[in-house]
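Produce the entire structure from the sequences given, and follow the hints as far as they go.
The chain contents come next:
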Amino acid sequence: MSRELSRRNMLAAMGLAGAAAMSLPVLSACGVGGKTNAPNGADQVAGGFDWKKASGATINILQTPHPYQKSYQPLLKEFTELTGITVNVDLVPEADYFTKLNTELAGGSGKHDAFMLGAYFIWQYGPAGWIENLDPWLKNSSATGPDYNFEDIFEGLRTSTRWDFSTGNPLGTGGQWAIPWGFENNVVAYNKTYFDQRGIKKLPDRFDDFIQLAVDLTDRSQNRYGIATRGSKSWATIHPGFMTQYVREGAVDYNFNGSELVAEMDSDKAIDFTKKWIEMQHKAGPTSWTSYEYPNATGDLGDGKAMMVYDADSATYPKNKPGASAQAGNLGWYAGPAGPDGNYKTNLWTWSWAMSANSRNKLPAWLFIQWATGKDSLTKAVEGGTYADPVRKSVFDTTFKRVAADQFGYLEAFETVIGSSKIQFTPQKKFFDTTQNWAVALQDIYGGADAASRLRSLAKTNTSKVNL
Amino acid sequence: MTTQTSKVSGSAPEKVETAPRRALPEIPIWRRKLRPYLLSIPALVIVIGILYPFVLGAYYAFLNYAAVNPSPHFVWFDNFKSVLGDQVFWQSVKVTSIFAVSATAIETVLGVGLALLLNRSSTIGRLFEKVLIVPLMIAPVIAGVIWKLMFNPQFGILNHVLGLGSTFDWLSGNTALMSVILVDTWIFTPFVAILVLAGIRSLPKEPFEASEVDGANWFYMFRKLMLPMLWPYILVAVIFRFMDNLKVFDHIYVLTAGGPGVATRTLQIGAFEDSIINLDYSRGSTYMLLLWIIVFITARYLVSVLGKAQRRAAGAES
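So the protein lines, in turn, are chains A and B.
Each residue of the first sequence is one higher than the last, beginning at 3 in our numbering.
Each residue of the second sequence is one higher than the last, beginning at 1136 in our numbering.
List time: in silico EDC-like cross-link candidates among lysine to aspartate or glutamate, alpha-carbon distance up to 20 Å: (1) A:Lys-467 with A:Glu-262; (2) A:Lys-462 with B:Asp-1221; (3) B:Lys-1283 with A:Asp-98; (4) B:Lys-1283 with A:Glu-96; (5) A:Lys-467 with B:Asp-1213.
Keep in mind that the hints were calculated from the coordinates and are not lab data.
Below is the structure:
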């Protein structure tokens, strides 16, 4: 038998090899994943505290365009003057921000020394060893100035960025993984001018009345609809208005039975609320709700298309500033509908500063974080006019209350919810997977799936995932 | 040849002075033996460059490696059991299959039709030929952004032009898959058209002239002459598009991120979600390994079909 390779077979083999090569990148794309055992850098800092301690250094920071970031941008030169440290800023839009951060941290390059971080991310980045525990930095008087006063930051925010990563343990335990910088209460912003025109004086304090109002405000022929909320296929769809009203209605995400977490998205209260939420989207929400993210929702409020938004107060606040939107000056705020027992439980989000465990510039990065979350810079940022909800009580009670005094209902809404505002999610290491699953379930129900059976399936899946 | 040469050269051959042949320098044996290995280094580097991440990805599929579990250990086939037992995976297989088959079929039919039209030499044809490649010059991510704006029910141009009002949602659960197929068709039909057009222009003219003389009509000539000869070119386009469509990610992710729900969640998007969003590298790698197996088997089958078609076009096989 001839062993000679014919030209045809050769071509076929080459074609096959080419096809295999074409398909190889499919798999190689997944070759990611880094880990770190970098030691904490706080012990390296000794001597008296001095802002000039790292003079001449350069740090890279990663941010997403946000009113907080915009308020601080002009202040960065003051930091350089104070410390002699140069700051390079990289900006990534929010839709891609955490994807970028995930891949960078997984790669372990430590390219960005400090970055903006939401509290939920600590639950996944912490166990991976990607972020520095800032507790030793706070406790080291050589690294932290005597005037810093960490306790001035609202307690709920300090605990929201602290966890020991043990399933079932509450927030507030373990290391301090980030320092809160700004935060958001999820309340309702509305078009006050239009409400006044319609003679709507009393804002609904029950969820059923709220839905009815949203429906009444909707007129598709006028391109006007009642309520804008997030609806995209993302964990971010769950955490603002949805989670806030979900807990006000008495539902919870998980229960800890002593050994494992049990998902409760299929409880009677959860099913009942979810049905109403989805019904509200159909009757009074944006027509492309399943792709809606916060810029869409707040943009529609600013353009006069959405009459109400149930989302972060600090995201709607800038829309009311002169020149910021078509409806600037026309907006008002209120806490949103209370729960059946009159509670105003509210889910909060905090933008914080975290440090990469792989940073090669830990002292300058810490000096930056300390400056950014310090009283002086925060006061100046608030004076700028678009920085809402500063994390320090001293700044909130003085400067912010003065600056926001002319924003109708803003401070009242804040005072109404602040006592019950905290992270309402149960901390767990599969947060993004399970919470995105929750958003997918909402989209499926929006698309016609039966709410009860879909939520039962979600709860079953999530229970198995969170306890892995 | 030898005879002829001797005839031309005549009687006495003229003495031609040739320069003394320079002796080649002696190459040491070790260098001669080493040369083939040195020559194979570039190929070796490429093979390693491709295979290393592939093998690493395959290796991850057998671990329980995730960001929250940075010290993984072997779990053998647990990831495969978990993924294959997950309804969402099979939904992704379904979405990927529908997308790949539908998009490839539509692009092929439209591409062949466009190529036939463009083959008729005219000013408009030449103009279209140039305009046609514009979508191919746009990155699929950018195309996704452009189409997302056009799909917007409130201010998008499509609802306005088609008179669909402000409530028809192109990216809803029922319409999203159709819409992403439409976008893929817009981007890649020109690719098929250009490939097939090149094939048409390379066909011999004689068989067509002969059948025209015999009174054959256009459709008969297309069916009996052009299509069999064109088949290998069409198949090449089909192979490229089908492989690419099985691995589709970019414009779908921009348009829907795999939603609403799981309506447009392809296998690639599933792998991305698990690896990059949920930071579960092993589960993401399992998705990718399964996709690779699907792509490899399909590629092997399509290449064999292409081989048969080439042989048939060359008249080697009936």
